[in-house]
Amino acid sequence: MAQIDPSPTAPAERLPRRDLVILPLLVLATILGVVAPAEVIVRRAYPLVDLDACVSDLRGPVVHARPRCVSRTKTAEGPWVVNRYNECGYRTPESCGPKPAGARRIAMIGSSIAGGFLTPYPQTMAARTAAALAAACGKPVEAQNLGLAGNNGRSLAPSAEEALRLEPDVLVVTLTSHDLSADRLAAQRGAVRPWTRLASRLREAVDASRLVYMARSLVLADEQGYASLVHARQGADAAPAVSAGDLALLESRLAVIKRRAAERDVPVVLVFAPSREELVGARGAARWPDDVPAAIGEIARRQGLDFIDPLQTIPADVPSASLYYVVNHHMNGRGHAYLAAALTSRLRAAVPAFSCRAGAVARQAG
Amino acid sequence: MLPARASRRRGCRPERPSVQVPSFSFLAAAVLAALLHGLSSDRRWRSGVLLVLNLGFLLTFTREPLQLAPYAAFLLLGFAFVRRIGAGAPACTRAAFILAILAGFFWLKRYSFLPDALFLPFSYLTVGLSYVFFRVLHLALDAREDPQAGRIGLLQYLNYTLNFTALVSGPIQRFQDYQRMTGPAPAPLGLTQLGLAAERIVAGLFKFTVLAAVVQLAQRQLAATLPADPRQAAACAALLTAAYPVYLFFNFSGYTSFVIGVARLFRISLPENFNQPFRAPSFIEYWSRWHMSLSNWLKAYVYNPLLLHAARRVRNPKSLPYLGAGALFVTFFLIGVWHGRTWNFFVFGVLNGAGVALNQAYRIWLAALLGRPAATRLSRQPLYVFVARGLTFSWVAFTLLWFWSDWPELSRYAHGLGAGGLTAAAAMLILGGCVMLGLLQALRVAAMRLAVGGQPLLTSRYVRTVWATLMLMAVLAVTLVTRGGGGDVVYKGF
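Each protein sequence line maps, in turn, to chains A and B. Heads up: the first sequence runs through residues 1 to 366, numbered per my numbering. Heads up: the second sequence runs through residues 1001 to 1494, numbered per my numbering.
Honestly, the hints are just simulated from the structure, not real lab data. Glycine included, each C-beta is placed from N, C-alpha and C at the ideal position. Do not rely on the hints blindly, as some may be mistaken.
Claimed, not checked - Cβ pair distances, simulated, as ranges:
1) A:Ile-41 - B:Ala-1367: 33 to 39 Å
2) A:Val-212 - B:Tyr-1362: 56 to 62 Å
3) B:Met-1436 - A:Ile-41: 28 to 34 Å
4) A:Trp-80 - B:Phe-1122: 28 to 34 Å
Stated by the list, open to error - Not the full set, but computed from the structure, chain B residues with beta-carbon under 8 Å of chain A:
5) Val-1466
6) Leu-1470
7) Met-1471
8) Val-1481
Using the sequences provided together with the hints, build the complete structure.
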């Protein structure tokens, strides 16, 4: 039996050559022996279904779910979510047919955040806003939610066109920084060098581990640690995530949407949905090299669009980790609540259809 | 130590906290520094690297010159005293220097027996000052007899007193040992030693990050929820009392194991601080197994001189053992009060001193009653050891009540338990201590009997490699779960 005196000051025993192989192999075998069962257990304990079975065709100009389809999705760190789509493939319990008499209608476009991906429907921005306005105005308010993962970039204008055909009282466009650069990044993805592709495959393999996923969720849930990471990135001279070209493209698309909406006399409200990184970054002392909400706000001002930046309304003492699925990066129900609160307040202030009388509000409160 | 501010206001970046020991960040920095240190075998290079490291580590706690000034003044005055004593200062000057070092330490540590008006009116760095104090005092005491200590150069003095691996909470190394390690014959550093160092580091992290955290969590929950039912409350109080020494052992021995491993990367062998203290069948033996570098220091510089001094003045040789008990009381009382500046630690010191003195008196009485050979035979009986070990542990746990609690809290617990509850809790503590420690010992013996080819399986490097890997994985998992927010070394505060 191989022995070594535990005393560090003991005379050195020469390590047999075979041990230079055996000992590292033992380390690897031990790691595998622990990690493999742990991976199985974690996969059972934290299931993950992040592909919506109702959304299978991504080829058209606008992504739709299959009409009247029901699916279940779940991120490992979140709850099971049932997605029910109406006859038009929108994540809305109400029909997409003609607007019922006396009802108000919000049409919402955008990508996964707008669609409330991985968030139970009643907790989504669309559902919360409709419910709050209905309660305030004492009238039925429905939100036709066209938002789905992939409805960003070039899909934005056709999606708005489709939304405007629903005769909404307002068109809400939800944007994230990722939406702005999505087209460009997709194009770049096709032209990667072989070694980059290999590295990304390796990374995907590591990412596929649920153990790694849950470990990340623990690391990223640490508010102070995450803030340190973000502030370090802020301090570094990092390349901007959103380019001037992305912003110019967005402006041209918003101009089209604005024109089409004006033809139908539908007001347009632009909502910026910040990422967790942007939220934490905004709480830091330094500014981002690319201040996306400010840039979008400037575009909205030039185009005469109402712009909501919820970064200004989320209190600083609310932990950012409580508003997002920390690994998946999507906003959770609590995050959507802040978006909804900002949107509700703006719609009531700026859109005549939702400017309810004080009496109605008082009746609801009573 | 100045606490790192964790809170953050809107618009402010978080402050960078000081490096925690043990931690992965400290380990990473130490490994890089060890690589740099090993680039050349030139003594000047290695001393230079160590100086940069030692000063750099100290500067991680504060960079404010004003906060560093008292620390620097204490160090530099100490150096001047040591050199002056080494150059042959007269006895009265020597005594004045040693008293000045003692007074400077008490003053800087703001001991409560000094009037508040004397203290500096600003916050300043005191991290590791207690351990620096022992090193400086040791040099000053040895400077006259040991020319190497008396002629120590500034570079070596700073490297010895500020040794970054042992700055925060020791262990306290003798200068002569340190000098040998950093001299022409440093400790070897081959593949085997690296493996052993890695094993110590991992074992230290495991004890500190996993075991100490689990016991502390249990202790806190027990402290927070003392049940109303008297029987449950007594059991809870016994567990609460027993948990702290276990926590303290994992916390401090984990730290010590970690820094011993890290120091090995720099070819320095730090002294051991622990030798299975809860196996001790007497309180005197316990103190020869717990915080050994401190108790050895005090034995060498307090107990032995005190006993020698007393023995010279006593004519009746029969009273010598009792003088030993008196010297033990003084030594271990000093160990107790060294731990803190408040009355709590005064009580801790009295209980420690009383414990060792009574233990010594009991030994004398037993030897007188049975004769020395019979007393020795009795003290080796398994049943005697079984009971003595439990009693020793219980006394340790009892003295440590003043370590983690205070009079108001203790009186609240005592009031809640009543006289009956307290008696029941004490009985449970002693009985539980006897049984648990007996079981652990039996398990250890059984485990060591598992052998292949006549060698215990547990000491095989293959088994130890697997065990170290498992410990490391547990450390990583707990670090992730607790978000790296484990506690600090308890002894850092002393």
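The hints, checked one at a time:
1. The hinted range of 33 to 39 Å is not satisfied by A:Ile-41 and B:Ala-1367, whose Cβ atoms lie roughly 59 Å apart.
2. For A:Val-212 and B:Tyr-1362, the Cβ-Cβ distance of about 59 Å falls inside the hinted range of 56 to 62 Å, so the restraint holds.
3. Between B:Met-1436 and A:Ile-41 the beta carbons are some 31 Å apart, a value that agrees with the proposed interval 28 to 34 Å.
4. For the hinted restraint 28 to 34 Å between A:Trp-80 and B:Phe-1122, the CB-CB distance of approximately 58 Å leaves it violated.
5. The beta carbon of B:Val-1466 comes within 5 Å of a beta carbon in chain A, closer than 8 Å, and the hint placing it at the interface holds.
6. Annotation: interface hint on B:Leu-1470 holds; nearest CB of chain A at approximately 6 Å, less than 8 Å.
7. For B:Met-1471, the interface hint is violated, since its Cβ never comes within 8 Å of a Cβ in chain A; the closest pair sits about 10 Å apart.
8. For B:Val-1481, the interface hint holds, since its Cβ comes within 8 Å of a Cβ in chain A; the closest pair sits about 6 Å apart.
Going through the hint list in order, the structure does not satisfy hints 1, 4 and 7.
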